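Fit chain L to the given chain V structure using the hints.
Given next are the chains, with one letter for each unit.
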Amino acid sequence: MDSNKKYWKGLEELNKTPEFVEKNKHEFAEPIPIEDVLSGNGLMGKTPRRDFLKAVGFGVGAVTLAACQKVPVHKSIPYLIKPEEVTPGVANYYSSTYDGHAILVKTREGRPIKIEGNPNDLLSKGGLSAQAQASVLDLYDVNRLKNPMKGTTEYEWNEIDAFVIRELAAIKTSGKQIRIVSSTVHSPSTLAVIADFIAQYPTTKHINYDAVSYTGIIQANQNSFGKAILPHYRFDKADVIVSFGADFLGSWISPTEFTTQYVQNRNNKSLQSKKMSRHIQFETGMSLTGTNADVRIPIKASEEGVALVNLYNAIAGTTLPGTKKLANNSANNAIILAAKELEAAKGKALVVAGSNDVATQVLVNAINSLLGSYGTTIDMDNYSNQYAGNDAEFVEFINEIKRGDVDAVFFLNANPAYDYFNSKDITDALAKVRLKVSFSDHKDETTSLCNVIAPNHYYLESWGDDNIIEGYYTVLQPTINPVYNTRQAEQSLLVWSDAPVKEYYTYVRNNWDKNLLAKGGLSGQKGWETLLQTGFIKVADKPAGIYSFTRDLNAVAGTILAQSDQLVASGDKKMELQLYKSVAMQDGKRANNPWLQELPDPVSKVTWDNFAALSLTDFKKLNLNEGDVITIDANGYSIALPVLLQPGQAEGTISVALGYGRTMAGPVGDGVGKNAFPFRKFRNGTLQSTNVVTIGATEDNIILAQTQTHHSYEGRNVIRETVLKDYVKDPYHGTGHTTEHKAYKSLWNEYQRPTYNWVMAIDLNACTGCGACVVACNAENNVPVVGRDEVRRRREMHWIRIDRYYSFNEAGTTVTEEKEIGKLDNLNNVSVVHQPMLCQHCDHAPCETVCPVLATVHSSEGLNHMAYNRCVGTRYCANNCPYKVRRFNWFNYWNDSRFENYIQNEHTLLVLNPDVTTRFRGVMEKCSMCIQRIQAGKLKAKIEKRPLKDGDVKVACQQTCPANAIVFGNGNDPESEVSKALRSERTYYVLEELGVQPGIGYQVKVRNRTELEA
Amino acid sequence: MASHNESIIREPLVTGKDITYAKVTEDVLSPVENKPNKAWWIGFTVASLGACLWVFAVSYTFWYGIGSWGLNKTVGWAWDITGFVWWVGIGHAGTLISAVLLLFRQKWRNSINRSAEAMTIFAVICAATYVVSHMGRPWMALYTLPLPNQYGSLWVNFNSPLIWDVFAISTYFSVSLVFWYIGLLPDIATIRDRASGLRRRIYSICSFGWTGSVKTWQRFETVSLILAGVATPLVLSVHTIVSMDFATSLEPGWHTTIFPPYFVAGAIFSGFAMVQTLLLVTRKVLGLENYITMFHIESMNKIILVTGSVVGVAYLTEFFIAYYSGGEYEQYTFLNRFIGPYWWAGCMMYGCNILMTQLMWFKRIRTSIPISWALSIVVNIGMWFERFVIIVTSLHRDFIPSSWAMFYPTWVDVSVFIGSIGLFFTLFLLFLRVLPSIAMAEVKLLLKSSSEQAKKKLIDEGHLDKSQVEYYKESLINYDSVKISDYEKV
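From first to last, the protein sequence lines are chains V and L. Those letters in the first sequence? Residues 1 to 1014, by the numbering used here. Those letters in the second sequence? Residues 1 to 490, by the numbering used here.
This is chain V alone, in the form it adopts within the complex (with noise of 0.2 Å):
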């Protein structure tokens, strides 16, 4: 049924006005210009105002919307297949061999990120060196060659093999020589890998040759004993150690090895029982092991031998022909006193000589033999393999290319481009050689001039074993896959020999099981992997024999004192030069290491540079100032220095650091410093370092980085020190308080410390102060370098730092203070004192209570924690802190291009320890006391349902110390090994009068001197 009720919608449709009507014809009320649109017109006209602000305004929305996607996206692959024995999050670690060390590699899914002492290591107990410590940034150099090349061509292996083997062939049929030269070599399964190579080569010759060898030495027990070995020194039987320009701590042979045996008679343990060894030590230079010394004797390097054959003169009763006194009374006596004590300690005496001269180290045997050191302090049969290059070998190297004898050369490890006297020399003769193969994994000076390159793998990527000491064999394993596309040296040597076995690794294992593990007591798989766990075997030592000196010594005398007047420096701007492996540097092998170069020198404290160390006398009669530049002039080669005020530096003489100025290092260490071996002298059939040079002036300054520019303490009890005859006397002499810890009153609420309170104690008379745990510190906390400039304007980053302090002796009273040292006439009578300095985590510590924003606060095991994410960077902290430890990042450093010093390099993020942050800029920093092992340790001992034991964590620092200086631990456990050393009556805490209560406790250093020396 219609309804016949009519809706209408409104007044309009009820009367249907024409308007109505018009619009209601249409879909839409208001026309949409879909034809206009649709029609040419539209879409070819001009863009309405409305329409292109509707479509910005979606544009820009939308873009606004992508761009809100994070970026940029890194993916990370996870594991399909998980490998059995890797954790993400858990470190492995792998026993490996470091230059006859046996260490630990920590690796982080599969990538090596820390290198650790292997703490059954025999030879220095877990320490480490400098090196070893930043060894690990090496292997992701992205300057490493990727490939092997010809030329400067890469190519494929197979190709090299073949052009290589080719060449061989040709040069066996012509019957010329070929020449193996090498960095001493002493792992067995390399030397076997050489011997096979010269059985299919019978031409072939191995020639040992090292930047610094010690030739004098093996010589001189050549001639002596008709042993030509470098035999091992003893530093921990020796109670009296006389040393004539050997840095046994720092450079000389083993310092590593060195400083455990020395600190074992010097360290708390031995002072306990007022026992304490003797430290003469007569040299130039102001080396490490002299800042250690009881008592050092500045002498001319001219002087040395002379010295020498009075202190024999004086043991043996006799007078050497043409024996003279020395200019220096001081020296004189020193020398006759130095003579009765070793007298007085026979058998436990021990006299070493830094020298490079065989008559030198003819006589210091005579010496040696007179005070009965050999089968005691000196061990001729379980001898050192460390060093056994021969300069004179490689002089004859040398005239043999030049008479065109030798067609092929290899090169393992050796750079004489860069560290032979006279590199012009070699350049020019290898011009002549028609194969010239380098393994070294860097186009280094040497490599440069090869026309093979093939790559060596870095050890950590290798396969081998090592033999330093006599009955000592450690083994190599690779951590990593190889990085680039190379190949370990041996088995290139074994390609091209067309050994049986090619491949090394079997290679290894075959010279292992059939040589070497029996001698360990172990045999077959079993005891192979028994030997990758611990890392090394011991076969028994044999018997130190003892040898007596026969020889006829006028001769040597003779010719000792004659090459002592030809280095008397005699007229104007004519002074002695003595040349020194830096402790960092070393040989300069490790110059492209960023941690190394910013590692300071642990005598200057410069950073980043060698210089010319003068003595103040020096510097005030050629009128010179700190930093100025001056011109060395010897053997035709000439360098230009900063010069460096040196305390104890002999006067007359010149100081030069050896391993800087590499030209073709990589990045990082090109132009750092200037080379100085061109400097050395072949003299005697050796290579020495020592000359006589011109030095002229020039009109330039350099401001030198040092990481410490006041020198003195300032008599200020931050350092305290004592002789041993008053330690003997009270044990407490020189801490500053009379009977046990000195306690004051506090204004603060005392923290609870429920569990654990982490404290730490450091014992200034077992510190060397060699900067490992630096360079470890930086390895494990991710302390970014910052480079010369920034250390220049004082700003590196180290968390720990090594402060040194020299003082002076005059008229029998300690001098310290800067204005009384500026009166001092000569600053020969030195003494320094090392002090590791680092947040001392004061219970009442005085950065956390100015903080505004709580980033640096107190935890319940007496740690001061560092909240980087909450810090806003005033640096209130900082300038609070009285130890002055905390470090600013001031730029940042990561990820900053004017910082490219190696950390943002491809692969270099990759040496990070995941297990700590990276800092951005503007954020405070400082000593963690490794936090992350803390915390580990304690989830270990919780997984496996057990308190925390004592050593179980051990802090980087305190694990590198080759010295055993740092112990770290619970300060509640009174039975814990850091309790019982600050139980030491020499125990005091620097600047404690403040009442920040630090929780670092320093021991006192003590000086076995008698009064009158001091």
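What the hints contain is simulated information worked out from the structure, not anything from laboratory work. These numbers come from a predicted model, not from an experiment. This list has only true hints and no planted wrong ones.
Computed footprint of chain L on chain V, listed as stretches where at least three residues anywhere in the stretch have a Cβ under 8 Å from a Cβ of chain L:
| id | region |
| --- | --- |
| 1 | 712 to 719 |
| 2 | 878 to 887 |
| 3 | 920 to 928 |
So, partial list: chain L residues that the calculated Cβ filter (under 8 Å) puts toward chain V:
| id | residue |
| --- | --- |
| 4 | Tyr64 |
| 5 | Ile66 |
| 6 | Asn72 |
| 7 | Thr74 |
| 8 | Gly76 |
| 9 | Arg137 |
| 10 | Ala141 |
| 11 | Thr144 |
| 12 | Val156 |
| 13 | Pro161 |
| 14 | Leu162 |
| 15 | Glu328 |
| 16 | Phe399 |
| 17 | Pro401 |
| 18 | Ser402 |
Glycine is no exception: its CB is placed at the ideal position from the N, C-alpha and C atoms.
This is chain L only, laid out in the frame that chain V set:
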């Protein structure tokens, strides 16, 4: 305020014949209502170039990091906090003049308080920029505010003097700003009434509907008094707290209990010097000599002399305590100010602040405009060095000698400081153009009681004690620092 007649023996505060209310308005508003003159343009160009330098240097710092300054591991604060304390100190005179002198009924403040307060505001702005720009991560500056957050109970550290600073400076700034603005209301209303068009609308909004009724005036007086009461403790508290940044620390040279009064005195000292520096120029350029008279100048010089001497005593006390305490580090620090590598900074500090201000004992110096101006600059320099010495010379050689270091400023350090001065003058010059530099309403209050013509009128009426009139006339000739000829100036 009531226009009772002031005692005839007081010196007049407004000079010149025929000064009427209208004349005051005309004189004071002439720079606001007319096109700027050449001197202003020159000053503004230089100042705004400085401000641009500041923008550039601070942006550079933000972009690259604090490392672009010369700071190092030992000296963590240098030009930044020196500049901060210097500016905060300068800001002190404003509050002192507006609040303390108001409470003490020192009517001579009426003609200088406006500029002094403006200076305070701008100086505190300059100081506040340092607070943010010296941070390593300025984008995290909000962490220093006690804001509710998602980090559990993570709060600011109320133990830290820097947090006290945040509160002290922000309170000081807001109170000063309110005080200053309240004082401006009647004057803004005057401008409003005289202006037309857009100008009128803007000033109308800014005048907050000022009607000029008796009730408005009464409320105005009450609010002024209340704010003066609130602001007075701030005069003491702000610099006390700034000084605690140092005093509560452990650093030798900082850890000193005398710092709060010493800093407050120093702040007033430097603040008045800055007022002097600005007003001596302003009054000349803007022709306001009748309102800012020699009497004002001399009064301010006297305050500079007194506070300078207080500071001097504080310096001596510090040295005595350093000696007497027997504290090894403390002693060295104070010795180091003279014999250390920064001896020249120490000499600038002690020389400018103590020795030079002692010249103010001489009336001829107090009343010489060029010398007063020069001395005010010397004081400003001296006070900058005071903060530099306290901060850098103390830090650079503290407890552990191995860490002793030198501080060398970079171009960025210098630019930020020079730039902040440019910023300050830019703001001040803009202020002169848009707001009356003298509190017209308050000066008008003086006209009937304390002006030269009012006094003349009183004398002419002849109801006064003859001897007092004689004394007044004589003293104008004998003792008054304003020359008679100046009184007669139109």
